[in-house]
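Using the hints, put the two standalone chains together into the complex.
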Amino acid sequence: MIPYNFTFLSHPKICSGLKALEHIPFELESLNARKPLVITSNRWDKKGLSKTLIKALYDSNIIIGALFTNAPFYPSVTIINELSQLYRDRGCDSIIALGCGGVAYIAKAVNMVVSLKTDILQCADITITSPLKPMIIVPTADCQGGEMAAIAYYERFEKQSDFLYPDVIVIDSRITRHANSQEVANSALTALAHAIEACGIDAPNPINDAYAHTALQFIYQYLQRTIKRPSYKDGSVAIVNAAACADTAFSNAPQGIVHVLAQVIALDTNLQAGMVMGILLRYYLADKLHTKGGIRPELLLALAGIDTYAKTPEKERQKTAYEYLIQCIDTTREFVPATLKGLNIPRYKLKEYARLAATKNKQYKESAYMELLEKAWEGK
Amino acid sequence: MNALQYPEIKPKKKFIKRIYIAVMLWVVGRAIQAAAKVDKEVKEEFAKLKDNFLLKMWIWPNGPSMYVGKTKDGKVKYLGWKDKGYKPTLTMTIKSVEAAMLLFTFQEATAIATTRNRLVVDGDLPDACALVRILNIVEVYLLPKIIARLAVKRYPKWSQMNPLRKHFGRILVYVRAFTF
Numbered sequence: 001m002i003p004y005n006f007t008f009l010s011h012p013k014i015c016s017g018l019k020a021l022e023h024i025p026f027e028l029e030s031l032n033a034r035k036p037l038v039i040t041s042n043r044w045d046k047k048g049l050s051k052t053l054i055k056a057l058y059d060s061n062i063i064i065g066a067l068f069t070n071a072p073f074y075p076s077v078t079i080i081n082e083l084s085q086l087y088r089d090r091g092c093d094s095i096i097a098l099g100c101g102g103v104a105y106i107a108k109a110v111n112m113v114v115s116l117k118t119d120i121l122q123c124a125d126i127t128i129t130s131p132l133k134p135m136i137i138v139p140t141a142d143c144q145g146g147e148m149a150a151i152a153y154y155e156r157f158e159k160q161s162d163f164l165y166p167d168v169i170v171i172d173s174r175i176t177r178h179a180n181s182q183e184v185a186n187s188a189l190t191a192l193a194h195a196i197e198a199c200g201i202d203a204p205n206p207i208n209d210a211y212a213h214t215a216l217q218f219i220y221q222y223l224q225r226t227i228k229r230p231s232y233k234d235g236s237v238a239i240v241n242a243a244a245c246a247d248t249a250f251s252n253a254p255q256g257i258v259h260v261l262a263q264v265i266a267l268d269t270n271l272q273a274g275m276v277m278g279i280l281l282r283y284y285l286a287d288k289l290h291t292k293g294g295i296r297p298e299l300l301l302a303l304a305g306i307d308t309y310a311k312t313p314e315k316e317r318q319k320t321a322y323e324y325l326i327q328c329i330d331t332t333r334e335f336v337p338a339t340l341k342g343l344n345i346p347r348y349k350l351k352e353y354a355r356l357a358a359t360k361n362k363q364y365k366e367s368a369y370m371e372l373l374e375k376a377w378e379g380k
Numbered sequence: 001m002n003a004l005q006y007p008e009i010k011p012k013k014k015f016i017k018r019i020y021i022a023v024m025l026w027v028v029g030r031a032i033q034a035a036a037k038v039d040k041e042v043k044e045e046f047a048k049l050k051d052n053f054l055l056k057m058w059i060w061p062n063g064p065s066m067y068v069g070k071t072k073d074g075k076v077k078y079l080g081w082k083d084k085g086y087k088p089t090l091t092m093t094i095k096s097v098e099a100a101m102l103l104f105t106f107q108e109a110t111a112i113a114t115t116r117n118r119l120v121v122d123g124d125l126p127d128a129c130a131l132v133r134i135l136n137i138v139e140v141y142l143l144p145k146i147i148a149r150l151a152v153k154r155y156p157k158w159s160q161m162n163p164l165r166k167h168f169g170r171i172l173v174y175v176r177a178f179t180f
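Line by line, the protein sequences give chains A and B. With my numbering applied, the first sequence covers 1 to 380. With my numbering applied, the second sequence covers 1 to 180.
Next comes chain B alone, as it looks inside the complex (with noise of 0.2 Å):
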């Protein structure tokens, strides 16, 4: 046998692909700190959370991530993407790059991911469930009706979510995440 004929590969990288999961987890993140100042339900969950609640969401194993946390003053903050010596409470390891393009192409909902075992989470699970429950809500925000019906577990009915609090919401949220 030929042992040169079967040489060595090195896989490629996917950088498109990359550079819109940057993108995606740089707009939930800002979503997230805006939606912690604008809405009732996630400022109350982040309340319950630890004094020094830090989250990291990545894609294993070289990156994109993103890291949102609780400052001093118990305000939630995007952190940015670069790993500044955090040390994260929760981190939420997504598997692959495939398994965040089915996530944040809104193709799979985060419940359905988990299930699928494309998701791994290291801290207290109470705590992760309290950012699944704030990630929906932020997709409600961001998105329209058609698309976040795919991202989220449930929609949030009429009672539980009145189309003035949604519309008039999704522009704050809009406005605070890019403009400061």
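Looking at chain A on its own, in the form it has when it is part of the complex (with noise of 0.2 Å):
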């Protein structure tokens, strides 16, 4: 049967590989902008990555309105009211988000902030129904998930509109290599858990699924050799692009048990979603492979290739995948606990979390997202 019902939305352009910065000035032209604000934290900064940017925009019409070096990991209301005076003050007309998690949330919200004219705080209660100023995301292999989705986090806020895309997504080896291991692993199971989750809806979108099987197969062929050497640089612009169509997948698809777990626990315990992500998969994906629909036996198809998945007798695809799947988890097993005991997570927090998802996410029962803590916490 063909799934033709469905829709799909992807509007940021990728530029990756080689030289991937230098395409920003023709882009930000092309975008009818020539002056951005560009925003940072202070740790890549010190790396010499805004040097590196700077350095790409040479010999162009560009003029950095302003570098702020500054961006905390906190989306907080005081810094993107502050960096929104910055961008007007400056007469900025578009905005480069250099950094992921805290710098990419900040830069989205101070987009919304100046191109709405409202502040953020009532930015929450406005439907967006025009463009937004010119965005790029310029993302180091740090990512937390939802920095390239059609989806904004600032403050104790969550925003989704097809609006909050950024325009263009630049990854570059100079920039993505400087991720530390943990990072590395962390971004991989955000990705890992986006684009599993958002193919194993329901109602299948193949162009979706294209998108989440391409995040599946860089994750799982590169992520073993990229947590042992995060500078290498294929393996690390590799992840990041993972994270870019997971993040896209992601966006068309409905939040999954997983993640909106995983964010109510992050925003308590402030532990990265990603690691968190990654314990609650393991357990969800045995869960999913008991239960009738079963895990999607196109999943192997992605994960080990066409000749593994021809070899592999019908009836066991499934399982092969479920086992694809497990190994790509356990290769960030030095960086992420198996279960959530071992994040010292208290056993009572548990039934807060499954109520606050509930509430969060109504789609699932707070049985059903108390019954997948306590598989994640126990690891039965």
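Rather than coming from a laboratory, the hints here were simulated on the basis of the structure. Please note: incorrect hints may appear among the correct ones.
[Said to hold, decoys possible] Quick list of in silico lysine-lysine cross-link-like pairs, DSS-like style, CA-CA up to 30 Å:
#1 LYS51/A <-> LYS82/B
#2 LYS10/B <-> LYS51/A
#3 LYS35/A <-> LYS82/B
#4 LYS35/A <-> LYS12/B
#5 LYS10/B <-> LYS46/A
#6 LYS46/A <-> LYS13/B
#7 LYS349/A <-> LYS288/A
#8 LYS10/B <-> LYS117/A
[What the hints assert, rightly or not] Label pairs and their calculated CB-CB ranges:
#9 LYS153/B <-> ILE207/A: 25 to 35 Å
#10 ARG34/A <-> VAL175/B: 45 to 55 Å
#11 LYS75/B <-> ASP162/A: 46 to 56 Å
These numbers come from a predicted model, not from an experiment. Idealized CB from N, CA, C, for every residue including glycine.
This is the structure we're talking about:
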């Protein structure tokens, strides 16, 4: 049956590979922008990434309105308002986010404030109906999920809109190779969870599946080597590409149980969402394998390639795909514990997390959230 | 927040790289003019192009650039690097100085640069394809095999360009390009 009932939107242009940073001036010009506000964190500035970015803008007509190098980890209202003021004072017309996590979330929130000409707290109630100011993301390999998706996180809010996609994603090994193994593991696990949940829905979306499968393929091929040596150029670019594809797939599918629970736990404990997703994903997959629908056998095709897929008998494809996925998760064993207990999360908190998750996403019952949390806590 | 801590930054220029590219454009422009007289294949490719054919190859956004066109009597001529009010029928824009460096230091072939989105073509696509074929032949003449293999999509086989034609043509292209 042809699954013809679907919608799909992927707005960003992805420029990836050798000298990808040098595409920025041309892309900005084609977006009718010439004065970007560059936002990055102190850590990346100290590692010389902002200098690399400035050098990539040499010999262009671009003027950097301001290079803000102190973006914090948490996208608070104060920093968003201050940066919005800086954007207006300097007469900027676009935003470049150099980094992932907090940097990208702040950049998206600032873009909403300056484009909608309102206060950040009021943005939560406004429906975005027109494109925002041009925005370019130059991701590092410490993705936390959602930076390249049609979603914005700020303070305790979460906003979804098709206009929240960045316009251009620039993936260059000069930028991606500076993260450490722990961050690469978190990025990969987040992308893995988003990709699996995006293609595990009841109503399949063939184009979304293509994105999710690409992400899975990149992770399976490059995760092991990149965790061992995070400065490995091709590997770090592949992991960030996987994150970009997974974010697009995630934007076009309903939020899954693993994502919702991980977000709730990460918000409460300040742990990396990727780490929590990695733990939950293991038990979610084990559960899913024993349900009626099971794991989609096409995942095996994406992970292992056509030869292994063709060699594996039809009945065993689900189980083999499951084994491949667990192998992927096991690669990060050194950095991510196998249970929630290992993260020092107290058992009495699980009920609260299940309740919060059920309030946030009513697609699943509180009991379903609780069941998964208990399995992940005990490691059963 | 002290806004003065985060000043406006005006990126600098890459003078040396631009000079290198300008020289390379001049050499390639002159070599195209010479090859159009020396090589039968290049001559045929130009004969198929429109009478008012004029190529502008330039580096976005501030140059350098190169103009090559057909004159009224059908000859191919390098018209220099200055825009004298020409109306190009085919514009090939290289997106950045770094992209041009990859191309002109022969780290990337023209076909690969196109697939990597480093070139923008404004004009007829058949003309652009013909020009890429001409550039490939010119590069084969200008460069030794070890470098030319990196610069072209497929280095011509013995049957396509025999050594006699290649070496004799190379001498003529060099003499014509650098003398008259």
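Now for the hints, and whether the structure bears them out:
1. LYS51/A <-> LYS82/B: Between LYS51/A and LYS82/B the Cα gap is close to 33 Å, so the pair fails against 30 Å, i.e. violated.
2. LYS10/B <-> LYS51/A: holds (12 Å)
3. LYS35/A <-> LYS82/B: Given that 30 Å is the threshold and the Cα spacing comes to 29 Å, the pair holds.
4. LYS35/A <-> LYS12/B: Holds: LYS35/A and LYS12/B sit about 15 Å apart, inside 30 Å.
5. LYS10/B <-> LYS46/A: holds (20 Å)
6. LYS46/A <-> LYS13/B: holds (24 Å)
7. LYS349/A <-> LYS288/A: holds (24 Å)
8. LYS10/B <-> LYS117/A: Measuring from Cα to Cα gives roughly 27 Å; hence the hint holds.
9. LYS153/B <-> ILE207/A: 25 to 35 Å: Because 31 Å falls inside the window, the suggested range holds.
10. ARG34/A <-> VAL175/B: 45 to 55 Å: holds (46 Å)
11. LYS75/B <-> ASP162/A: 46 to 56 Å: holds (55 Å)
Hint compliance for this structure: hint 1 alone is broken.
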